[in-house]
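Starting from the known structure of chain Y, fit chain R onto it as the hints suggest.
2 protein chains.
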Amino acid sequence: MQGLLGVLGGMGPLATVDFFKKLVEETQAQRDQDHIPVIVHSLPAIPCRSTAIMLEGESPLPLLLEGLVRLKQSNVECIVVPCNTAHFWYGELCKASKVPILHIVDAVRDELERRGARPARLGLMCTESTLATRIYQDRMAGEGIEFFANRPDEREQLVTAAIDLVKQGKPREAGHLAEQAVRLLLDRGVETPVLACTELPVALEAIGSPLIEHCIDASRALARAAVAWSMERRTAVALGSQDLRSRGRCLSE
Amino acid sequence: MQGLLGVLGGMGPLATVDFFKKLVEETQAQRDQDHIPVIVHSLPAIPCRSTAIMLEGESPLPLLLEGLVRLKQSNVECIVVPCNTAHFWYGELCKASKVPILHIVDAVRDELERRGARPARLGLMCTESTLATRIYQDRMAGEGIEFFANRPDEREQLVTAAIDLVKQGKPREAGHLAEQAVRLLLDRGVETPVLACTELPVALEAIGSPLIEHCIDASRALARAAVAWSMERRTAVALGSQDLRSRGRCLSE
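Quick note, the sequences are listed as chains Y and R, same order.
The numbering of the first sequence is this note's numbering, which starts it at 1 and goes up by one.
The numbering of the second sequence is this note's numbering, which starts it at 1 and goes up by one.
No false leads were mixed into what you were given.
A pair counts as met if it fits within one copy or between any two copies, since identical chains are not told apart.
Straight-line Cα separation of at most 20 Å, EDC-like style, residue types lysine to aspartate or glutamate; simulated pairs:
1. K98 to E66
2. K170 to D34
3. K170 to E26
4. K170 to E25
5. K170 to E205
6. K170 to E156
7. K72 to E92
8. K95 to D106
9. K95 to E66
Simulated from the structure, these hints should not be mistaken for laboratory data.
With the rest of the complex left out, here is chain Y:
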């Protein structure tokens, strides 16, 4: 199927729902048939990414790889992983994948460009493991951007707590915590906080927080990149060209 997108999800399930919703929202459509075809694997049994990284817990990689194989069997032509922390295994996933995998940090960079924003200080709101493994800092190295996170106590009591609450099905409670964390970053002169954990936009949207407008939602950025990929792919096939297959960022890793 032309432009069939695979979503390797379930990390967590509500964040995957949110990402799927954004795929629909980011598509210009007047009717069902205008939308992009998607297969979503929501396999929440994948071991906790943060525990694997920070506490040497069970690795999620084997189940992530199984998911990739199943998506490929379903003939997807491109894969996205709406979980920032899981991008720690991006290189290994790419090596095993027969189709390109879009990188969430590239999508955030594209979103900055789209906004014409060249912030000196980018806020990083994410899991402790995304921060510690420098998923954003390393992929955006050399761009003159200083990354700025909340203080450790704020991260524990606001950011991590909000993430956990979303995973427990309490997005509104999470929203109030996440909003405080965003406000603290803005007060300290951070121009653009990046919601670099896919649970955080779920939290802020649950309370209709106006602060989300000041942020870059990595999940929405990835959805936008994925819709653009699928639309371009359909156009390319319509024009008889196959070369978009090689345009995934994976090979440049």
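Just chain R now, with coordinates in the frame of chain Y:
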């Protein structure tokens, strides 16, 4: 994978997102790993079900059957179709399917039982084609229930219009129309309107309508049935029993 659920979706995409969200909401979970495993096929190119039924347009059946095959290849053990109108082809889907398919009307009946409700008049808010093909009336025949729909002009200007607006990505505009249609049914003494098109709860929830509490949301009912199926299946496997595989409603069709 134990209890792996397949969702044959995309009819329309936002309704599939809403159904997926309800799968998550209807699961008791404290962490990602407590959730059920799901594969969602959102293939919006499936021809319009209503056009096929009412105007002898292209049949959606071939693409629905393709979706079934792909879901089976992904090793799902049970399938749901979060589109009421598509249940017109339920018999043919069941004949072709190697795994049980839960019927959305059975889920609504279960929801009535769960509430202890024995309404004499059930409101039916749905597409013209769901109404005309008697998907609900025939499956619930002999239960002493009188079905009651909006007047034809209301169906056109409120119900069908709301469904189309959701498909166009305008759920809030849709919500105000759907709310009027619900209120008209309640005013006429209909005890329980059934939101028997999966776009309608999307509309009412988009405006936070309190009237949704008076309705049965067929999409949420199906989600609840699917979560129960998956949880029972996991328990049965844990107990070494395989007999739940045969418990789908499909074979009793």
